[in-house]
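Student: Here is how the chains run, residue by residue.
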Amino acid sequence: MLIKARINGIDVQVEKGTTILEAAGTVQLKIPTLCKHPDLHASAACGICIVRIRGSAKMLRACCTPLEEGMDIITHDPEIIAVRRTVLELILSKHPNDCLKCGRNNDCELQKLAADFGIRQESFKNFLSPLPPDDSTGTIVLEPQKCILCGRCVDVCQNMQNVWALSFLERGFGTRISPAGDIKLADSPCVRCGQCSNHCPTGAIVEKDDSGRVWEALQDPDKYCVVQIAPAVRVAVGEAFGYPVGTNLTRKLYSLLRRLGFKAVFDTNFAADVTIMEEGTEFVERFTKHKGPLPLITTCCPSWVDFMEKFHPDMMEYFSSCKSPQEILGVLAKTYYAEKKGIDPAKIFVVSIMPCTSKKYEIKRCEEMFASGCQDVDISLTTRELARMIKQAGIDFVNLPDEDPDHILGDYTGAGVIFGATGGVMEAALRTAYFVLNGKNLKKVDFEDLRGLNGVKEAEIQIDGKKIRVAIAHGLSNVEYVLNKVREAKKNNQELPYHFIEVMACAGGCVGGGGQPYGVTDELRKKRAEGLYKDDRDCPLRFSHENPYIKKLYEEYLGRPLGEKSEHLLHTHYKARPVYIK
Amino acid sequence: MGKKIILLADTERSEQEKLRDFYTSFANLIKDNGLEDSVSLVRAADIGIYAKGFAVKIFPQGTIYTGVKDGDIARIIEASVKADGVLNDLLFKEEPKQIRIVLRNCGVIDPESIDEYIACRGYGALKKILSGMTPAGVIEEMKKSGLRGRGGAGYPTWMKWKFTRESQADKKYVICNADEGDPGAYMDRSVLEGDPHSVIEGLIIAGYTIGAGMGYMYIRAEYPLAVERVKKAIEQAYECGLLGKNILGTDFSFDIDIRLGAGAFVCGEETALIASIEGRRGTPRPRPPYPSVSGLWGKPTAINNVETLANVSYIILEGGEKFASIGTEKSKGTKVFALTGKVKNSGLVEVPMGITLREIVFDIGGGMLTDKPIKAVQTGGPSGGVIPVDYLDTPVDYENLQKLGSIMGSGGMIVMDESDCIVDIAKFYLGFCVDESCGKCAPCRIGGYQMLNVLNGIVEGSGTVEDIDKLRRLAQAMQRASLCALGQTAANPVMSSLKYFETEYREHIVNRKCRSHKCRSLMTYSIIQDKCKRCRVCVINCPVNAIEGDREKGFFIDASKCIKCGKCFEVCKFQSIAKE
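These protein sequence lines are chains S and F, in that order.
Residues are numbered in my numbering as their position in the first sequence, beginning at 1, plus a constant of 1.
Residues are numbered in my numbering as their position in the second sequence, beginning at 1, plus a constant of 3.
One chain only, chain S, in its complex shape (with noise of 0.2 Å):
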């Protein structure tokens, strides 16, 4: 139904149920927020977006009041502005000033409205609480003291995501974050998924920057410095230069990493490739030969992986014992590659790119992630902190030319990108399952029902005229609901309601991964998957099982997928773990 109403004079009709700040979005205004976040439910709670209705004192937060027939909204007058003005500095004076020394200055929702504001004095004494950063888990920092208690992240880490890790502690001036508890985050129920640094607006919760051991490491003659970038870093770092969202730069990024000093420039893609031959097999032999239960649930997701070791470690069973694509290249690199290049490989220094705060947890999960004999992969950074590392160095990215990975472990297929976006390992798996199966290629490639932002996808495929049931799920609320059914059925030994499920733990998947660049939404969430998508269709293969560097890999080193040399080196196991370590 749609309702009109007035905002600063001008005519608005907007469907009923829209917000105030929905429905002035639709006449060119833009009422200040701070604690708003497009993806999380409007906690109401900074008070900057106040409104009013002509006429009346009292004022309504833009945010959360549905704008009502024949409402006639002020955004902004004197008073309005001056009350925004004083809550902002009260907010500013229990936050620390400096900016300077912050992970997110230049980068910050409180920095930018403090400016837009023209804040130039301290109005009001400042009052900083003592609170101690938590950088207990090596892969996010808590920095409390320089929270504004907004609730992004405990929404977030409670709602969204169902790990509950963060919540409020005390009351009144007192209130802060924490873990329950006031224990450290290690020993929370935290999965290092990052999506709470991803939504604060401040620099209160920032991802760990190992990009220092990274520079030391490049300076290090002793090392040789590999690099590897996950899919969806390419189409997301480009926002810190301007780039449309969801520009594919991965060209850009081999020339520059070379720059960098890398002395050899991979594609996790192609390790995607790789988990595709692994987890592929897996699932056709489980499928058909029944070694082992159904249904399979994906394993690239070390947030994921964390956080069903310690909600659901009934469903361990299930797991893929195939590691993710980042420790596949990690191991190869120093195995494969090594032996190839005659390097020793204690010397190798494996470096990855990725779009997650996890992936510096998974590196050293457990001790599979040594296969090597040394530490697979040795430091793994985010979009965020490449994107710094650039700037650092001066190099002019937007202007760089375009170059080609090093080969054996650099070259991928259509199917090994779209791992970035949500249904995307599922989308590749079942490309090559269906060869395994059929013998022969899909004729139509794209699986249109496996992509776009539901948070659970179910589908039915036939191959062979057999019906593959799938789910995908993505952010881990969304999780419950598919491991339910599945519970369910085999309770009542029932007919399995899926064969194989995939999931990430952030929404939209890797594209919207806690490490990516700030301020994301779903429409860039759908634009990063749509560059990755686009790579898929211009790649001249895809279907992971004809990347001719796949074919040579296990020609020349591995064998067969899930043979010897395979589950040594590409697979892992899983443990139950407490949610609380005492």
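Honestly, the hints are just simulated from the structure, not real lab data.
A virtual CB, placed ideally from N, CA and C, is assigned to each residue, including glycine.
Just so you know, not all the hints are guaranteed correct.
[What the hints assert, rightly or not] Here are the simulated BS3-like pairs of lysine-lysine, each with C-alpha atoms no more than 25 Å apart in a straight line: (1) F/Lys-473 - S/Lys-126; (2) S/Lys-468 - S/Lys-491; (3) F/Lys-576 - F/Lys-536; (4) F/Lys-333 - S/Lys-59; (5) S/Lys-59 - F/Lys-325; (6) F/Lys-556 - F/Lys-536; (7) F/Lys-302 - S/Lys-17; (8) F/Lys-502 - S/Lys-59; (9) F/Lys-165 - S/Lys-17; (10) F/Lys-473 - S/Lys-59; (11) F/Lys-174 - F/Lys-130.
[What the hints assert, rightly or not] To spell it out: a stretch of chain S is covered by chain F in this simulated footprint if at least three of its residues, at any positions, have a beta carbon under 8 Å from a beta carbon of chain F; those stretches are: (12) 41-47; (13) 84-98; (14) 119-133; (15) 143-156; (16) 168-177.
Model the placement of chain F on the given structure of chain S, informed by the hints.
Tutor: Just chain F now, with coordinates in the frame of chain S:
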């Protein structure tokens, strides 16, 4: 001689321990007189008497004695228990200014006996609606009564019920908000402790009206006796078929459960209260949607305060029109206030809307406690404001109090005399709200703290004239941008006192003086040499050795050492210390 019931109460409600002793003495004497079989002795929380000391009420005569000392017990037993005589010197004379609707049964019946409640027409209203009134009929009656919510905001009860009734849902809830938390207010507590069935009956009627099958009593855990009595009352109601399935043989079923509030003031705010019942952190959420559309567990929910519900059965039985005949044009019925402060008779009063503050303080409250003149009356608790003496003749109702910068609130009323410092009072209330802020929204969380910091500076002698503007600016932000009523009204005590007593603020700031001698930091102590007997008691007692001199030259207070603790003033037997 028939059986006599004797109620004992402490009218000041401050000496529960002594009341126990008093009860023991009374019980012993009854035993000594061999009367234990013909007398039932009950300790009552409140019997609606606002005099000094212990009160004794003897049924069936209804004789009330106040200011009773242990020594009077024997006389009372002789005259009024063994016989039906009256002791005129102790006799309490009823105040005609009060009308008791909410407190009608408090102190009259045994709150733990459903039979006594029923004997006083209890559950008659429930019977009446179940034997013929439609929910719409109940709403119509409530509309006629003009009853408005007694929790503070004064929203018409019938509208709340109508909206909740009109919301479509498979389940609906009613909640009794018994999270009374204003400092010094205990209206709801008295009703819950003194007449729990009247609240339960009101809640059942609310449930019937809106179409709910489940009701919750949300009681603060710091009211253990109230919780116990409500629990007992609920059990009794179940036993009598007044709760549970098919109440009174009709197809109306209704259950009540108790939820305890863990001591957060903000949980009196309806959306925070709902969050608390749902097991979440007690913080408010933005409205709309209002609870009448989406409340507890997302279902339509009507939340009514204890006092509101206690009015309901009266309205149903007596009719809305009779209720509406009491009060002013827009505020009907009575209001219970917790009268306290510098007034002779402090306690609960139930008065018709429209009575003036002067009548409450001087006619019911018996005037000022000391010979110091009245300065102001604070109403509405931490969300309210101060009303200066010039406005004492204002009729009390929702609109008038709001016009004066205060609110009705839940019914706290504190009388202040010239010895009360207005800045200190404002600071006290603001401090309460700062402590009780849930911390969710920035204007309340930080604004309140900053404001308190400014007030602290003023009372400690470091205020500047800019502070007045700063207070106004902070108040504006809190009033306009806070999410819930706690933050929106937290600045009221400061703003209303600033409105009427700005001079006093300026005295603190500019002259560094507190005319009420309340603000310690602004005080100076000196020795009046003419009066000083040079006994050295002050010297010995001064904790920081700030008093120097000797018996020959005399003693002097070194202002740079003095911490203004007032010890010298206290210990001097010759009033030789000047406090300014």
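Student: Can you confirm whether the C-alpha distance between S/Lys-468 and S/Lys-491 stays at or below 25 Å?
Tutor: holds (19 Å)
Student: Counting residues of the stretch 168-177 of chain S with a beta carbon closer than 8 Å to any beta carbon of chain F, are there 3 or more?
Tutor: holds (count 8)
Student: Taking 25 Å as the top limit, are the C-alpha atoms of F/Lys-473 and S/Lys-59 close enough?
Tutor: Distance of about 21 Å is within 25 Å: holds.
Student: Per the coverage rule (Cβ-Cβ under 8 Å, at least three residues), is the stretch 143-156 of chain S covered by chain F?
Tutor: With 3 residues close enough to chain F, the hint holds.
Student: Hinted pair, alpha-carbon criterion (25 Å max): F/Lys-302, S/Lys-17. Please report holds or violated.
Tutor: holds (20 Å)
Student: Quickly compare the C-alpha distance for F/Lys-174 and F/Lys-130 to 25 Å and report which way the hint goes.
Tutor: holds (24 Å)
Student: Hinted pair, alpha-carbon criterion (25 Å max): F/Lys-502, S/Lys-59. Please report holds or violated.
Tutor: Holds. F/Lys-502 to S/Lys-59 sits at ~20 Å (cutoff 25 Å).
Student: Using a Cβ cutoff of 8 Å, are there at least 3 residues of the stretch 41-47 of chain S near chain F, or does the coverage claim fail?
Tutor: Coverage by chain F holds here, the residue count being 5 at a Cβ distance below 8 Å.
Student: With a cut-off of 25 Å on the C-alpha distance, tell me whether F/Lys-576 and F/Lys-536 pass.
Tutor: Status holds; Cα separation ~9 Å.
Student: Do three or more residues of the stretch 119-133 of chain S come closer than 8 Å to chain F, measuring C-beta to C-beta?
Tutor: Satisfied; 4 residues make the cut.
Student: Verify the coverage statement for the stretch 84-98 of chain S against chain F, using a C-beta to C-beta distance below 8 Å and requiring 3 or more qualifying residues.
Tutor: Answer holds; 8 residues pass the 8 Å Cβ test.
Student: Checking one constraint from the list: CA of F/Lys-333 to CA of S/Lys-59, max 25 Å. Satisfied?
Tutor: holds (22 Å)
Figure legend: structure checked against the earlier numbered hints; the only hint not met is number 5.
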